[in-house]
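Student: In order, the protein sequences belong to chains A, B, C and D. Counting with full-length UniProt numbering, you get residues 1 to 325 for the letters of the first sequence. Counting with full-length UniProt numbering, you get residues 1 to 325 for the letters of the second sequence. Counting with full-length UniProt numbering, you get residues 1 to 325 for the letters of the third sequence. Counting with full-length UniProt numbering, you get residues 1 to 325 for the letters of the fourth sequence.
A hint or two may mislead.
What the hints assert, rightly or not - In silico BS3-like links for lysine-lysine, alpha-carbon gap of 27 Å or less:
| no. | chain 1 | residue 1 | chain 2 | residue 2 |
| --- | --- | --- | --- | --- |
| 1 | D | Lys166 | A | Lys225 |
| 2 | D | Lys150 | C | Lys150 |
| 3 | D | Lys233 | A | Lys233 |
| 4 | C | Lys233 | B | Lys233 |
| 5 | C | Lys233 | B | Lys150 |
| 6 | C | Lys166 | B | Lys225 |
| 7 | D | Lys150 | A | Lys150 |
| 8 | B | Lys150 | A | Lys150 |
| 9 | D | Lys7 | A | Lys166 |
| 10 | B | Lys166 | C | Lys233 |
Stated by the list, open to error - If you want a taste of the chain D side facing chain C, the calculated C-beta under 10 Å gives, among others:
| no. | residue |
| --- | --- |
| 11 | Asp69 |
| 12 | His119 |
| 13 | Lys249 |
Just so you know, the hints here were simulated from the structure itself, not pulled from any lab data. Note that CB positions come from ideal geometry on N, CA and C, so glycine has one too.
Letter by letter, the chains look like this.
4 protein chains.
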Amino acid sequence: MDLNTHKERKFDIIAIGRACIDLNAVEYNRPMEETMTFSKYVGGSPANIAIGASKLGLHAGFIGKIPDDQHGRFISSYMNQVGVNTDGMVVDTEGHKVGLAFTEIKSPEECSILMYRDHVADLYLQPNEVDEAYIKEARLLLVSGTALAKSPSREAILKAIQLARKNDCLVAFELDYRPYTWVSEEETAIYYSLIAELADIVIGTRDEYDMMEGVSGGSNEATIKHLFLHHAKLIVIKHGASGSQAYTKDGEVYRAGVYKTNVLKTFGAGDSYASAFLYALFTNKGVETALKYGSASASIVISKHSSSDAMPTSQEIEALIEAQK
Amino acid sequence: MDLNTHKERKFDIIAIGRACIDLNAVEYNRPMEETMTFSKYVGGSPANIAIGASKLGLHAGFIGKIPDDQHGRFISSYMNQVGVNTDGMVVDTEGHKVGLAFTEIKSPEECSILMYRDHVADLYLQPNEVDEAYIKEARLLLVSGTALAKSPSREAILKAIQLARKNDCLVAFELDYRPYTWVSEEETAIYYSLIAELADIVIGTRDEYDMMEGVSGGSNEATIKHLFLHHAKLIVIKHGASGSQAYTKDGEVYRAGVYKTNVLKTFGAGDSYASAFLYALFTNKGVETALKYGSASASIVISKHSSSDAMPTSQEIEALIEAQK
Amino acid sequence: MDLNTHKERKFDIIAIGRACIDLNAVEYNRPMEETMTFSKYVGGSPANIAIGASKLGLHAGFIGKIPDDQHGRFISSYMNQVGVNTDGMVVDTEGHKVGLAFTEIKSPEECSILMYRDHVADLYLQPNEVDEAYIKEARLLLVSGTALAKSPSREAILKAIQLARKNDCLVAFELDYRPYTWVSEEETAIYYSLIAELADIVIGTRDEYDMMEGVSGGSNEATIKHLFLHHAKLIVIKHGASGSQAYTKDGEVYRAGVYKTNVLKTFGAGDSYASAFLYALFTNKGVETALKYGSASASIVISKHSSSDAMPTSQEIEALIEAQK
Amino acid sequence: MDLNTHKERKFDIIAIGRACIDLNAVEYNRPMEETMTFSKYVGGSPANIAIGASKLGLHAGFIGKIPDDQHGRFISSYMNQVGVNTDGMVVDTEGHKVGLAFTEIKSPEECSILMYRDHVADLYLQPNEVDEAYIKEARLLLVSGTALAKSPSREAILKAIQLARKNDCLVAFELDYRPYTWVSEEETAIYYSLIAELADIVIGTRDEYDMMEGVSGGSNEATIKHLFLHHAKLIVIKHGASGSQAYTKDGEVYRAGVYKTNVLKTFGAGDSYASAFLYALFTNKGVETALKYGSASASIVISKHSSSDAMPTSQEIEALIEAQK
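All chains should be built: construct the whole structure from the sequences, respecting the hints.
Tutor: As structure tokens, this is what we get:
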């Protein structure tokens, strides 16, 4: 997997998909019904990954759709502030709102989320709003699975991938499966298979691969055997507390464990993993170290209150890796 | 206008329509983009009116629709806690969410609201979910205009009014016009006219009556002349800072001014006015005093942080009236 | 019931609602699956009534919505040809089609209909497409129930009725209940009650009144007692083969039987009844004779192949009445 | 291109997509507005192809969705009668109707069509209604482009293709572009590219390939260069009156002209071409002869009144080829 191509391009990574608002419970250890105050953060898997990548020092851009309202303007302004380029962000003019995720923090194991995802702006990104010139400036396009859940966002993603491949831009697919936006598991499986077969890098949990394959208790071997028949060159499969594996098309296998931490809540883990993993690849640290970076970054984020604002610097990641060597 | 009928009934007032969540800016004097924390309250005009009426000592019930999620359960539990009977509340089983209103408090004059009202549960109340036995127990049914904005809630309201009239229960119509839920002003005018012609008591601002009549700068005389041809017996028209007027079918006219206060924000004024006005009518204080009660109650609520939680007691209202006599 | 008012107006009757296409089986006595050829006619209850009225010599106009396609142009051109003014006909520009009704003629008792009524143009008539100046030229507005089944047509009807009442134009309501367009019987009952309470003349079958009242086996006495509390002045209730009754607000009751004929199919009966009944009223023949006209006209139409094209002249009606005196 | 595989399978070809009703003008040489009678035939590109293939002697099956109404039952019964297996036909239970195409026959050059395709049953085929066991019995799956226009039919097609590839069943893609069902040309291009890249055989007109590529005046060379990078092994490009070309992955090119005939109307040409072309391939006549078969079959159908019922036998095709040698 060579990530040293196209170093002349303006962006290491452009993420495409949803940017929304997390409203995290200020009061801990209680159900949301009894939570009376919420703090506002930028959220959404691809937005978090772009923010995480930017905080680590990569050049990151974003393609998405937000309304010109108070929440939309907050998202843009926060992303710009942490260095994410938002030239690919389209303004919704049809009255769609930013998605919301209210989170409760009952205990480290119980953190339910209440989603407002009905007719949200990000799912109304149109294929003709994806700009070929913007994608041409990127070395890698990061696609997150939730953007495939509905038309026209689904077609915007298909268009972006066709443009990426036409312009020699790598495609990374973060499965990011959120059941609430999908019509059925069958439909999810159809589109996940389609996109995974078109991607260069695929990252997900074992459960997400199982959903894509329509199986339960699937094996990594079957997964990589199928995907390596297509475009994939690097596949990451995460197994929760048991750590994660990376497989390359030329047959190498890498493994990493997890880093201990004081877990506050579980959300944000996947996004911080992906941003740190890709950062390590782009900085030529090798796949094995990249797995460690992903893992350490996830541990840091789940010990903190937010997903986006808590994205670590490389110093913090390295310190944790060092501390638990 | 005789409100002494059917004293044997269990409820003085049953309100029908939306019960939702207000998320009020914790930080003042800044635009919402810069507000980082929000406090949660029950909101929605008819819910606020039922809550206000209950806090004043009336027997209040509620007909509405909420999901069985964290926000829905909070609403029920808050309403029960302040004494509102929720036997008429139906649980949504189709995945609709509670409506949300994010408020900013920039200055007393500028308080914009960001609404999440797309496919909200309250607008999915079905006509067959309105229980005749429940309405039969009420002396007055309070309808707020927003519930007319969409089917099937619109038909549920029409059904409730047909049942109220069949069972000798008075109908009060609070115009409560919120442009964002309506398809067009023309459609609003059609349904507002239809319901105002069926109601016994109509309460609204001069602007709301203008919208209903499709005019600008309409006159109170024209409004009452038309409505008194139909069922209306008592019409209240509010003129903002210039005070309000009440007209009865037998030709009496009453006027009241407004009470001075430290305005924090403007929302909640109409709901607190309606609940205190109806409370005074039910307790036989007469129309003139009822206008003062409405006015004083509104002044109290706009000086406080929420709409529902800030609903005053009769002692507070009387103290303010006394203080500014 | 005085229909002698406003003789100066251009139109005796303006019908509002659907104008569509009937595709009647050319081959008789077989199920539609085996029918290989279909003849095309204009159809739709209010269109048929306007056509029938015009053929009898009344001045008739029409308010509806049709696309500018081959079926839409056929409808306009046929209506004009038989003398119906179509100045109130609006052209659909959003791609909605004309409704279709395929009929089979298996036997006089069995004539099933296959409807294409999904997103048809007539149900997209907007309230702002109803022209007050046009309604002002009519002595009577004929509303058929099916147009109430969906928004925005429903609101267009409500608007037309508000304009008719404002301009002293009588309102006749033909119940014309077609289950397939309605969401539920409960919703039908709500709107049928609402409109019947606003109409001057109400015409329907006993079954249709039952549906409106949410009862089965309802009595004419209950129906007229309720409706005469509102605006109705003349109520016609049809009992199929047992004939029909007309009730006036001042307490008169009229009855008529049915005329024998060779029944080919049953559809079109109600429309031909309504047009001949109204024609007789407008020509001062009195309610009793009007019932006979309605009945004879229905007998003529059900013996012929179409609904619209078969509408009789007054000579044919009078000949049948004379023949079976 | 080896079509000799899996001769043990029950079906040579299974077509998937729409089966609907054509209502063809009985009266010729006039606009549809003046056509008063229509004849009923089975229609829809993949249904016509299955019917054509069956009449030529292939074993054909069909996957689609029709309601259990008079039109749906006619379709099934006609297909069975001409030998098409309909075990893959699913009954719609949600009230969707069969699509309709009214055709006028003004002159050989002018034959406009009026489509009823809004919410038609065929576009509601669900992915879980596509049966793997049925596809497993086929040597070739024929997909027509129109079925990609809307969800869930779109996903049913994607699922069918994934199942075909999993079970070593060839995929033929007939572009069959009908603008009226699609949201935008951009969306069409996205899905046409996606499916053409997954298919073994692609058949279309030059205009259809241009639409897929988002170009005008595109070249066959560019088209085949791109598609042969993916799965395609055989590509047919039709140029109307100038004849058609076939390209194979191993570099062969074949050409054929057109056969003279008395053109009555133009529709049905593409479907008859595809069925005869595939028949010739399956019977090992070679690509060159297959082009002739396609061309001759098209000439026969456009000289007759229907598309499906007019599908020729191999004797008729051979006679025409012989006659114009």
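Student: So, against the hints stated earlier in the document, which numbers end up violated here?
Tutor: Of the numbered hints given earlier, those the structure breaks are 5, 9 and 13, listed in rising order.
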